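Trainee: With the hints as extra help, turn the sequences into a complete structure.
Here the protein sequences come in this chain order: P and E.
By the count of numbering that gives the first Met the number 0, the first sequence reaches residue 277 at its end, each step adding exactly one.
By the count of numbering that gives the first Met the number 0, the second sequence reaches residue 854 at its end, each step adding exactly one.
Simulated from the structure, these hints should not be mistaken for lab results.
Given the structure is predicted, the values throughout are model-derived calculations rather than measurements.
Hints are all accurate, no fakes.
Just a few of them, taken from the derived set where beta-carbon distance is under 10 Å, the chain E residues facing chain P: (1) I476; (2) M479; (3) N483; (4) L761; (5) R769; (6) Q770.
The C-beta atom is built at its ideal place from N, Cα and C for all residues, glycine as well.
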Amino acid sequence: MSPSAAQPAPDLAPADGVAARARGLTKAYGSGETTVLALDSVDVGIVRGRFTAVMGPSGSGKSTLMHCLAGLDTVSAGQVWLGDTEITGLKERELTRLRRDRIGFMFQSFNLIPTLNALENITLPMDIAGQKPDQKWLDQVIDTLGLRNRLKHRPSQLSGGQQQRVACARALASRPELIFADEPTGNLDSRAGLEVLAFLREAVDSLGQTVVMVTHDPGAAAHSDLVLFLADGRIVDEMGQPTAEAVLERMRLFTGGSPQVSDADAVRGQAGPATEED
Amino acid sequence: MLKATLRSFLAHKGRLLLSALAVVLSVAFVAGSLIFSDTVTRTFDRLFASTSADVTVQPKEDLNASVPTGAVQTVPAALVDRVARVEGVASAHADVGVENITVVDIKNKSVGPTTGAPTIAADWYVTDRSSVELTSGAAPRGAGEAVLDADTADKKGVEIGDTLTVMAQPGSFKVRIVGIATFKTTNPGAALVFLDPEVAAGQLLGSADKATGVSVEAARGVTDAELKRRVAAALGSGPYDVKTADEQAKSAAEQLGGFLDIIKYVMLGFAGIAVLVGVFLIVNTFSMLIAQRTRELGLLRALGADRRQVRRSVLTEAVLLGLVGSTLGLAAGIGLAAGLIRLMSAFGMNLKTTEMAVGWVTPVTAYVVGVGVTFVAAYLPARRAAAVSPMAALADADIAGVGRPLKVRAVVGAVVGALGVAALVGCVTASATASAASLLGLGVVLTLIATVIAGPLLVRPVIRVLGAAFPALFGSIGRMSQRNALRNPRRTGATAAALMVGLALVGGMSVASASMSKSFDQQIDKTLGADFVIQNTNFTPFSQEVTDRVHATGGVGTVVRQRFAPVAVRLPDGRRIETTAAGYDDQVDEVAHVTYAQGDTAAALAGGALGMDVDFAKDHGVRVGSVLPVEFPGDRTLSLKVGALTDQDAAEGFGMQGGLFLGIATVEKYVPGGQDSVLYVNTDPGVNADGLRPRLEKALDPYPQVQVRDQADYKDLVHDQIAVLLYLVYALLGLAIVIAVLGVVNTLALSVVERTREIGLLRAIGLARRQLRRMIRLESVVIAVFGAVLGLALGLVWGVCTQQVLALQGMKALAIPWGTIVAVVVGSAVVGVVAALLPALRASRMNVLAAIAHE
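Mentor: Written out as structure tokens, the structure is:
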């Protein structure tokens, strides 16, 4: 089951247009008989300046892939690069700094620090780094996301959609090389979800950012430039210029019916809660 | 339900550990003090019971025997013959035993105990009942020989053949040690010198016709009580106390008890602080546990558990905690008692840990305290748990207690606080010491309660100010730690309260003691005119030879002697007051600046006259010229005319009610055989005071117990005495801080757990472990400093009010020890840093992915 990755990973020097890539990326849980492969020798490259969606049923390994690419999780085998930097083998302190300076994050929920207001949340990674935000860029991001008159609000005073927009602004604010969004619309109603997807699209198109989004919603995946399909820890397919219908159709192929029902549930049960979205 | 309770108790055992520690500490101190005092009481009861004669006859004890007169109450030696003739008496012995001596070795070093226990010289009279037996050498024969107890001989390196000097009231004499006697029972820590009975009375009491008492042994078949009745009947109405062995043992034990009670009360003070601070810790732990389990409790309620069941479940957990804590505390208490017994041994009181007495009262008290405290502390949180709605299981409801308005607290806190402030204002404006002191006590308790209640309300304003610089200094990390401390004011308030209580005590005590020191300094400057003050290190009287030597020293001018006498005075208002009077030489004005309201020194010290404090005189209707009957020891009463009234700031010292003073000749006459307690020495005009000091010290070289002090030394002495009190308070504070640190650790640990996802998020977006640790540390520091600021503010108010009460006693100076206060604030920040160590480590070790996924 040879994967046809988005960009076949070049052998040595990273291609100019690749924001992140992995080669032979393997993530195993447990040992011996009970070993479960969450990622099975994945080769993948994330093209700079594009909106890539990672699709797959629960337990397919899509969140694990994101965590490994983002330096949140260790790998069992293989290599991962962010730009020119090989991040596999980096020390914990270097990984933390890498996440802080070069990667933006959006999670499904609980994206914001409740004690800080919207603006403080947005500039948090730069504050932690002790850097001054680029005010012009910051203004542009805030205006793009329509947060100008919400900056002094605390998260508890914002709606779910507004909170995700703040999270999106935070991910963009330090102008990272790569933004990872893990089910960013999972907790939102459809209108707010569409809004957030439109902003991510805008971030790529107008602001020139690179976004990787993990989702199991074909409608969300349809906003991307390229969809990678994961199943049983491998990239099994990809689709450029996706539409919701085409993605849904493709998902059916893998799962033999419903895109929501996973044949990998057994895997999920053993893989441990840390690696899989709920 | 019980099963669920047990499960939950075990599941949270880590969290309960710190609370259990607080229970263990309080119970350990309670149990330790009980076991220790039981052991000591039993040991000495046994000692005195086994060494007391069947019946003893002693001089009648009418007035306060602890006044340091230097005189020994005696009975005529001939009394022995009268007693021996009583029917049923097998034998009677004239005892000689005195404590008003000092014994030094050949290098002029004291061989007495350094612990305040007495040095006793007695006649060598060995019976089955003696507490000692001769273990080497021979019994003393004739003047110039003595037997020393083995413990003292060991400690001071005295051997058979060595020569010691005994300074007794009649005069000093040298003895050669011919034998060593070893205690058969527990040695209470005293040094014992035994002399030949033939010469003991003469050497120690100044006359062979005197004795300090008579020991009587009953003939077979005569009970102690019967014998006592017969002896008493034979002696008629003479000034004697006749006691059976039981009574004698009891009164001897009571005398010792005073000293042991101090240890007991100190220990109970520690226990009290531990209980008080522990309550905060337990309340907080249970509140937090319940907050954490809101959904679980909601589920129980949804499944049909009623409120009472939920409440009972929480209280059952508390009782379990109390039982475990009490059991461990009891064990720790036994260890503590063993440690104290060892410590006592180091001080010369040879108790045995193997004879430890654990009465049934000890475990009962331990469990009552331990379980009671946890139960009471957990009651409010349990009620709150019962109030959790079943909806909490379904909705992502607010954590119990966080969002509840603080209105009730505000109202109750304000009312109690207003009452407390009113009491304090009352105490400041009161003019009578007694009512001022009780108002002060009331005010202290009420303001403390008010601050504890209103603490959470003060969290926001105070921490906003305290942490204002944090964002500027530490950026986002500082901002987050400040706001984290503000997140749950109730919890922050309760955590800080534990620290607050201890620091409020310290604040108050340090202001009071600094003010006392300053006042005494001012008084010494104002009233003490003498160049030197000569007295014993332990303030007991010294022998006449010291006075003679001082007089004989070249360059000495005026010497004024001071002696004390226990007296009872009948006042015109009908009251009889027992107090201590001081006798002085006539030249008092040369060594002291006394202010008189009426009369002068000459009128007060004249024969047949006395002086007293003007306020005391007014209170009791005494005027200059009033004639008052004054009782002296041994039923000697005479009428003295009030010659002068003094108007001093602090005329009434400890046990010196009325500030009575009179001519030393009167004291010499009515307290025969007394000794001088203090000498006030002036330099002869034309002689340099600095030059006199070495000469005085040289002259007093053979008397190592006597100290020469100039005014600066005298101030230091007073400061040292006040400092002892302060050290005790500091020790109490240390304990309070230990428990408070546990509380802060507890709170932070729980906050870290509660904020797992937040921490995961922060770590994911690039917060370094070091930064995370700093964030938690800063939060901890803010909480600790908050507690310190609140406590010190309260303590300062208490201290100033205490000083106002002391001012009524003449201590008019107010001093605020800013150095101590700054040190305490800095110290509390350190406490915060220490308390944050473990929780911060734990947070920084969290797995980022697990933390993000945490529910």
